[in-house]
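A.B. asks: What follows is the residue order along each chain.
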Amino acid sequence: MNVKEYIESGSLELYASGALNEEERKEAEAMIAQYPEVKAELEAIEKALEDYAFADAVDAPLGVLTNIMTKINAENPVVNPGKVISVKPAQSSQNNWVRYLAYAASILLFISIATNVYYYNSFKQASYRLAELEDANTFLTDKMDVVRAEYQAMETELNVVKNPAAIAITMKGQVISPGSTSVVFWDKSSGNVYLSAINLPAPEAGKQYQLWALKGGKPIDAGVFDINGKLQKMNNIAGADAFAVTLEPNGGSIGPTMEQLYLVGGV
Amino acid sequence: MHNTSDIHANEDLLVTGLQARNTAVLKTVYEKYSSSLFGVITRIVNDDHLAEDILQESFLKIWNNAESYESSKGRLFTWMMNICRNAAIDKMRSKGYKTGKKTTSDETVLYENPTKIYDDIKPDTIGIKDLVNKLKPEWKELVDLIYFKGYTHQEVAEELNMPLGTVKTRLRSAITLLRQKI
Numbered sequence: 265m266n267v268k269e270y271i272e273s274g275s276l277e278l279y280a281s282g283a284l285n286e287e288e289r290k291e292a293e294a295m296i297a298q299y300p301e302v303k304a305e306l307e308a309i310e311k312a313l314e315d316y317a318f319a320d321a322v323d324a325p326l327g328v329l330t331n332i333m334t335k336i337n338a339e340n341p342v343v344n345p346g347k348v349i350s351v352k353p354a355q356s357s358q359n360n361w362v363r364y365l366a367y368a369a370s371i372l373l374f375i376s377i378a379t380n381v382y383y384y385n386s387f388k389q390a391s392y393r394l395a396e397l398e399d400a401n402t403f404l405t406d407k408m409d410v411v412r413a414e415y416q417a418m419e420t421e422l423n424v425v426k427n428p429a430a431i432a433i434t435m436k437g438q439v440i441s442p443g444s445t446s447v448v449f450w451d452k453s454s455g456n457v458y459l460s461a462i463n464l465p466a467p468e469a470g471k472q473y474q475l476w477a478l479k480g481g482k483p484i485d486a487g488v489f490d491i492n493g494k495l496q497k498m499n500n501i502a503g504a505d506a507f508a509v510t511l512e513p514n515g516g517s518i519g520p521t522m523e524q525l526y527l528v529g530g531v
Numbered sequence: 273m274h275n276t277s278d279i280h281a282n283e284d285l286l287v288t289g290l291q292a293r294n295t296a297v298l299k300t301v302y303e304k305y306s307s308s309l310f311g312v313i314t315r316i317v318n319d320d321h322l323a324e325d326i327l328q329e330s331f332l333k334i335w336n337n338a339e340s341y342e343s344s345k346g347r348l349f350t351w352m353m354n355i356c357r358n359a360a361i362d363k364m365r366s367k368g369y370k371t372g373k374k375t376t377s378d379e380t381v382l383y384e385n386p387t388k389i390y391d392d393i394k395p396d397t398i399g400i401k402d403l404v405n406k407l408k409p410e411w412k413e414l415v416d417l418i419y420f421k422g423y424t425h426q427e428v429a430e431e432l433n434m435p436l437g438t439v440k441t442r443l444r445s446a447i448t449l450l451r452q453k454i
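Here the protein sequences line up with chains V and G, keeping their order.
The numbering of the first sequence is this note's numbering, which starts it at 265 and goes up by one.
The numbering of the second sequence is this note's numbering, which starts it at 273 and goes up by one.
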């Protein structure tokens with residue numbers, strides 16, 4: 265049947281009115297789906313019938329809409345209860361397996377994460393502890409080097425003092441500083457001179473103490489020194505009758521400033 | 273006067289909204305179509321209270337079965353109207369009422385109804401009312417029986433003692449006349 269013939273037949277009017285039997289209805293639906301002209305014709309027919317129905321409209325009593333809304337809200341949005349019942353149990357047993365698997369997987373994942381976090385924290389603590397220990401070790405090594413150096417210095421001092429060839433000369437405070445004392449250790453054979461400055465006042469700014477060896481009344485420069493509480497190695501002296509300390513400008517002087525004579529001690 | 277594409281756009285939106293179970297859209301659909309649909313129901317059911325029940329049931333069906341509506345097979349109103357008409361016919365049968373097959377004259381159908389909206393006719397419908405009035409009474413009867421009351425053309429042919437082909441041709445002529453207004 266061609267399109268024009270079908271449209272002219274009046275079948276679409278019957279289709280729009282819902283008057284066709286099953287077989288005819290299927291034929292009509294096939295025509296509508298296949299031919300846009302048929303679809304357009306159906307639209308026009310339906311619109312005409314719709315307008316016709318609208319012309320005979322009767323307002324529904326008030327409250328019907330409210331009743332409908334109340335029922336819908338009470339029913340909840342379940343499309344077809346039968347459908348829901350038939351579908352749910354069929355899926356539920358399968359769903360249960362999936363759900364249990366999901367639960368189990370979730371729990372395992374959680375345990376795994378917790379363990380990881382625990383070990384990570386332990387690892388971090390261990391690393392931190394190791395770093396601490398390394399620091400402490402370095403500190404102790406450094407400290408030991410310092411102690412060894414101090415020990416060696418003390419041993420050197422002790423050797424100076426223990427040296428049987430060395431003599432100790434005590435220098436006494438002069439007018440300018442009567443309470444001061446210091447000791448010179450002098451090895452005549454080697455010429456080594458060590459000074460232990462015991463209680464000299466701190467020099468004023470720009471000044472330094474200088475040790476002199478006196479030989480036949482002539483001063484020989486034995487070097488400048490600072491007050492540091494240690495046994496200090498001074499210049500070698502070949503021969504001396506006495507030792508003296510004066511306060512000189514920084515770096516020392518060629519000759520002693522006699523007004524600033526602090527200590528004198530005879531050999 | 274709305275143009276065709278507007279109507280389509282509107283209807284597509286309503287269908288989408290209904291199928292998405294949007295209650296606001298259902299309200300809009302109710303406001304737009306309930307009077308036309310109630311008009312269809314009251315043509316079949318001569319009992320205000322029962323007609324009201326049928327309208328309510330039909331709208332719940334529309335709501336719950338919106339997903340089964342396919343716009344490719346026809347307009348939304350046609351689909352909703354079929355639901356209302358079939359519900360009304362079913363109710364009449366179950367209640368033991370005469371289904372109206374024997375009642376072919378307008379008087380038995382178009383009873384006096386105080387809520388009829390003759391005073392409140394929308395401008396759009398004035399033209400069609402005139403056209404309907406111009407329809408030959410036997411043509412109008414044909415449309416009413418088939419479209420509004422759910423008769424098949426075979427039943428009408430039998431009832432009106434008319435050849436099947438004539439029923440089809442006349443129905444087409446009547447609807448073609450109604451279409452002229454559009």
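Worth flagging that the hints you see were computed from the coordinates, not collected in a lab.
Check before you lean on any hint, since a few could be wrong.
[Stated by the list, open to error] Pairs of lysine-lysine, DSBU-like flavour, derived with a Cα cap of 35 Å:
| hint | chain 1 | residue 1 | chain 2 | residue 2 |
| --- | --- | --- | --- | --- |
| 1 | G | 333 | V | 311 |
| 2 | V | 452 | G | 363 |
| 3 | G | 363 | V | 497 |
| 4 | G | 345 | V | 335 |
| 5 | V | 268 | G | 408 |
| 6 | V | 436 | V | 388 |
| 7 | V | 479 | V | 426 |
[Said to hold, decoys possible] Chain G side only, calculated, beta carbon under 8 Å to chain V, not exhaustive:
| hint | residue |
| --- | --- |
| 8 | 300 |
| 9 | 302 |
| 10 | 308 |
| 11 | 443 |
Note that the Cβ used here is the ideal one computed from N, Cα and C, for glycine as well.
A.B. asks: State for each hint whether it applies.
C.D. replies: For each hint, the structure was consulted:
{"no.": "1", "hint": "G:333 <-> V:311", "result": "23 Å, holds"}
{"no.": "2", "hint": "V:452 <-> G:363", "result": "143 Å, violated"}
{"no.": "3", "hint": "G:363 <-> V:497", "result": "130 Å, violated"}
{"no.": "4", "hint": "G:345 <-> V:335", "result": "29 Å, holds"}
{"no.": "5", "hint": "V:268 <-> G:408", "result": "26 Å, holds"}
{"no.": "6", "hint": "V:436 <-> V:388", "result": "65 Å, violated"}
{"no.": "7", "hint": "V:479 <-> V:426", "result": "25 Å, holds"}
{"no.": "8", "hint": "300", "result": "11 Å, violated"}
{"no.": "9", "hint": "302", "result": "5 Å, holds"}
{"no.": "10", "hint": "308", "result": "5 Å, holds"}
{"no.": "11", "hint": "443", "result": "5 Å, holds"}
The structure fails to meet hints 2, 3, 6, 8 from the earlier list, while all remaining hints are met.
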